[in-house]
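**Q** Starting from the given sequences, assemble the full structure and let the hints guide the process.
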Amino acid sequence: MEQVWKEWAHFWLGPLPAFQSSLSPVVITRQGEIVKEKVPLITSVQLGFLHATWIGQQLARTSLLKWYLAWSSAELGMKYDSPESAALIQRFIEAYGVDMSDVQGSPQDYRTLNAFFSRQLRPGARPIHEPGNASHAVQPTDARLMVFESVSEATTLWIKGEHFNLRSLCNNMWKAERLDGCSLVISRLAPQDYHRFHAPCDGSVRRVEHVSGTYYSVKPVAVKSPIDVYDCNKRSILELDSHQFGPVLYIAIAAVQVGSIQLSVESCDSVKKGQELGSFLYGGSTVITLFRRGAIKYDADLQHNSRERIETLVRMGTSLGIAQ
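Note that our numbering has the sequence shown beginning at 30, numbered continuously upward.
Note that these hints are calculated values from the structure, not bench results.
Keep in mind the model is a prediction, meaning the values are calculated, not measured.
Zero decoy hints are in this set.
Here are the simulated EDC-like cross-link-like pairs (lysine to aspartate or glutamate), alpha carbons at most 20 Å apart as the crow flies:
#	residue 1	residue 2
1	K301	D270
2	K301	E159
3	K189	E337
**A** Printed below as a string of C-alpha cells:
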C-alpha cells in the first residue's frame with residue numbers, strides 16, 4: 030500500500046519543489062552533519078497537496094478544513110489519553126527513531142501515548158549552557174531552529190504566509206513600537222522530539238494569554254506556503270521580563286494533531302534559564318521567541334544556517350546567544 034501511495038505522490042506532486050521538501054526536510058546539526066527528518070509518507074502526501082498545490086491552498090483556507098483540523102486534533106487527543114493507546118508507544122518509538130537513552134524510565138512506565146509524548150528526560154540529559162551566566166541565553170526546546178534579526182529577514186527567507194505580522198501573532202500584547210525591528214527565534218518540534226519547553230533566560234512572567242485558533246502544520250512546506258500558519262494557530266503567549274535581555278515574548282504554538290498546550294508557570298512567577306515553562310501533547314509544534322531590537326547576538330552558526338535557509342537541529346539548554 031505504501032508503494033502505491035509513493036507512486037501516486039510522485040506522479041501528481043513530484044514536480045513541485047515544495048513537495049520534495051515535504052517528503053524529508055533536511056536539517057543540519059551544530060557539528061555540520063546533514064540529517065533527513067523522518068516523516069511518514071502519508072503525512073508528506075497530505076502536506077504536499079494542502080500547501081504545495083493551488084487547490085490545496087484554497088481548501089486550507091476554508092472554515093470546513095479548519096473545523097476538521099480542530100476536530101481531528103481533539104479526537105486524537107482523547108484517543109492518545111486512553112489506556113489503550115499505550116500499545117502504540119513502541120510503534121511510535123520505532124517509526125520516529127526516538128532516542129530512549131535520554132528518556133526517564135522505560136516505555137512500559139507510561140500509561141498512555143500522550144504521557145510518553147510529553148515524557149520527562151533523565152536528570153542531566155540536557156545540561157544548561159553556562160548556568161551561572163545570566164547573559165547567555167539557551168535553546169528553549171529540542172527543535173529544528175531558525176534565527177532572524179528582523180521580521181523582514183524572516184519573511185524574505187522563510188515565512189511566506191500572505192498576511193503574517195507580529196501584532197497578530199502576539200495578539201497585540203506588544204505595541205508596534207516595541208515590535209519594530211525585534212528579532213525572532215523559531216523552534217520547530219517534530220513528533221519524535223522531547224516536547225517540554227523551557228525558559229531561554231532568567232526573568233519573571235509578566236503576563237500569560239491563551240489565543241484560540243486552528244491547527245495547521247508547522248513543517249517547512251506549510252510555513253513557506255501562502256497560508257498564514259503561525260498567527261492563525263492556537264497558541265499560548267508568555268511575556269517575560271529579563272534584566273539582561275529586557276522584555277521577551279515567548280509564544281507556544283499548537284499544530285496539527287496537537288490538542289493541548291499545558292503551562293507549568295503563571296503570571297508573577299520567577300524563572301531561571303532552562304526551567305520548564307510547559308509542554309505540548311501529541312503532534313508537532315513550534316515555539317517562537319521574540320527579543321527586542323539589539324537585545325541578543327545569536328550564535329554565528331545559527332545565523333549562517335538560517336541565512337542558507339536550513340534549520341539547525343538543537344537541544345534544549347545549548348547555547349542560543351549572548352546579551353548585548
